[in-house]
Amino acid sequence: MSAAEPYVSIRGMSFSRGDRLIYDAMDVDFPRGKVTAIMGPSGTGKTTLLRLIGGQLLPDSGSVKVDGHNIPQLSRKALFDFRRKNMGMLFQTGALFTDLNVFDNVAFPLRVHTDLPESMIRDLVLMKLEAVGLRGAQQLNPAELSGGMARRVALARAIAMDPEIIMYDEPFTGLDPISMGMIVKLIRGLNEALGLTSLLVSHDIEESCNIADYLCVVSGGKVIGFGSPQELLNEGNDEVKQFLRGDPDGPVPFHYPAPDYQAELLSGGGQ
Amino acid sequence: MTMFDRYLAFGRRGVEAIQSLGRATLLLFHSSAWGGPGSAGFSDLIKQIHSVGVRSLSIILVAGFFVGMVLGLQGYTILSDFGSEAALGTMVSLTLLRELGPVMTALLFAGRAGSALTAEIGLMKATEQLSAMEMMGVDPLKRVITPRLWAGLIAMPVLALLFSTVGIWGGAFVAVDMLGIDEGAYWGNMQASVDFYEDVVKGIIKSVVFGLVVTWIAVFQGYDSIPTSEGIGKATTQTVVISSLAVLGLDFVLTAVMLGGV
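Heads up: the sequence lines are chains A and B, in that order.
FYI, my numbering numbers position 22 of the first sequence as 22, with every residue one higher than the one before it.
Quick note, my numbering runs 271 ahead of the 1-based positions in the second sequence.
Some hints could be false.
Taking lysine-lysine and the DSS-like style, the derived pairs with C-alpha atoms no more than 30 Å apart in a straight line are [to be verified]: (1) A:77 <-> A:65; (2) A:241 <-> A:185; (3) B:505 <-> B:318; (4) A:34 <-> A:65; (5) A:77 <-> B:318; (6) B:505 <-> A:85.
These are calculated hints, taken from the structure and not from any lab test.
Predicted model, so just to flag it, every value in this text is computed and none were measured.
Starting from the given sequences, assemble the full structure and let the hints guide the process.
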C-alpha cells in the first residue's frame, strides 16, 4: 500500500438510526499519516463516523475501507484481529477499566494479546506511561485521576499495541487549559513520532485548526468541506465558513423554522 | 389516546419483547463457550465465582438457618396434632432439598448477585469500557459475560446445597434443642426417607437451571441497558423482577416434569 493512498476510504456510505438518515451516500478519504479533524454541528453523527470506521456500527450500504480492508464485510473474528493490530481509540471519558489501576490498564491489551514475559510488559508499560508523563501515577486507581490524567492514561493504553490509526473522540472536552495543552502536544507528538494516521472529532475550532493537517466538516449527512484549515477558512462554502467562524446566523439560520413573526403576534393565539 | 393508538402501542410492545428475547438468545449463543478474541481465563472465572458466590454466602446462610427454624416450628405444630412429630426431620429436609433450597436461593441470588451483575455491566457500558475493549480487539462477550455466566451456573447449586444444609440444622436446632423431639428420630427418619437421586440430585438440577436463567437475565439486562443512570436503574429492577418470576414459573414446570417422570 503506497503512502499516497488514503488510510481510510469511504464510498457511498449511508447510515440511518431508526427513521433518521445520518449519512447519505457519503464519500470521504482520510490521508495516511496525517491528523484530520472531523468537525460539524452537534448531532451530525461525528462520533458515529468513528464507530463506523471502527466497525462498531455497520452502514446500511456503501463501503468503509481501512488500509484496504472493507470493514463491514469482515467476519467477527477478522474484525477483532484487525482492530487489535491496527486500531486505537481514545474515548471521551477515557473509558479506563475501573477495577484495574493505571499500570494494569495500560498492560491490559499487552497481557491479553501477547505472550510477553511480565518483565517485558513492565518495561513497555513504563515506556508508554513515560510518553504521556504519568509514570509516577502507575499505582493510582482510575477514580483518583483527574479528567486530563485519565485521558492521558487512556492514550497510553490506546498506543500500547502500536496501532496504525488512532481515533480521538472529543479529546478536548471538559479539560482545563493546561491539560488541554498536554493532550494537544501528545496528539501532535505521537502522530509525528509514530507516523500514525489520526482522526479526531472535536468542537474546538481553534485547537483543531492548530493541530490538524486537514479539516473535514460534516453536516446534513454529507462532507461539506475538506481541506487544510487555511483553505477552508478562505475558500470554503458559506456554511463551512459560518461554522469555522462561529457566526450565529448564516446558511444555518439562528431561528428555528416558524411562521411569520408579526402575523403570529397579531393573531393573538387564536382566541 | 384513541383505541387504535392503544392497539398499536400494545403491538409494538409485543414486538419489542420478542426482539429483546432474540437479542438475549444471541448473547447466550455468543457468550456460552470459552475462547475467542481476548477470551477470559481460569483466573477470571475464579474471581467471578468469588464475586457472585462467596459474597452471597452470608445472606444465603443466615436466610437458610431462619427458614429451617421456621419450618421446624410450623412443622412441629402441624405434625404434633397427629402425633407424628418424629417425621419432622423428613418434612424439613424434603421441603428444603426439593423446593425451598433451590427456589429461595435463586430469589436471594437474584436480589444480591443478579442486581449487582446488571449494575456492574451497565456501568461498564455507560462508561464506554465495553466499547474500549471492542476497539482493543477484545470481545466483551467473551471477556466480561462468559466468566460471569459460568460463575453463576457453578455458584448457584453450591449455594442451594449450603442453604438446605444450614436449613436442616436450623430445623434440628428448633426441633431437638428447643422443642425436645428425639434427636435419633429427627436424623434417623430423615436418613431413611431422603433419596439421593429423587431428592438431592433433582434439587441440584433445579438450581443449575435457576443459576443459568438468573445469571443470563442479569448479564443481558446489563449488556442491553440504556447507558444512562436512569437506564441502569431500570435494568437493575428488571433483573430482579424478571428473574424472580422466571424462577417461580420454571420451578412449577420443572417440578411437574420431575414428578411426572416418577
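Comparing the hints with the structure gives:
1. A:77 <-> A:65: holds (17 Å)
2. A:241 <-> A:185: holds (26 Å)
3. B:505 <-> B:318: With a Cα-Cα distance of about 27 Å, the restraint between residue 505 (chain B) and residue 318 (chain B) holds, given a limit of 30 Å.
4. A:34 <-> A:65: It holds: about 17 Å lies between the C-alpha atoms, which stays within 30 Å.
5. A:77 <-> B:318: holds (26 Å)
6. B:505 <-> A:85: This hinted pair is violated, its Cα atoms lying about 38 Å apart.
Hint compliance for this structure: hint 6 alone is broken.
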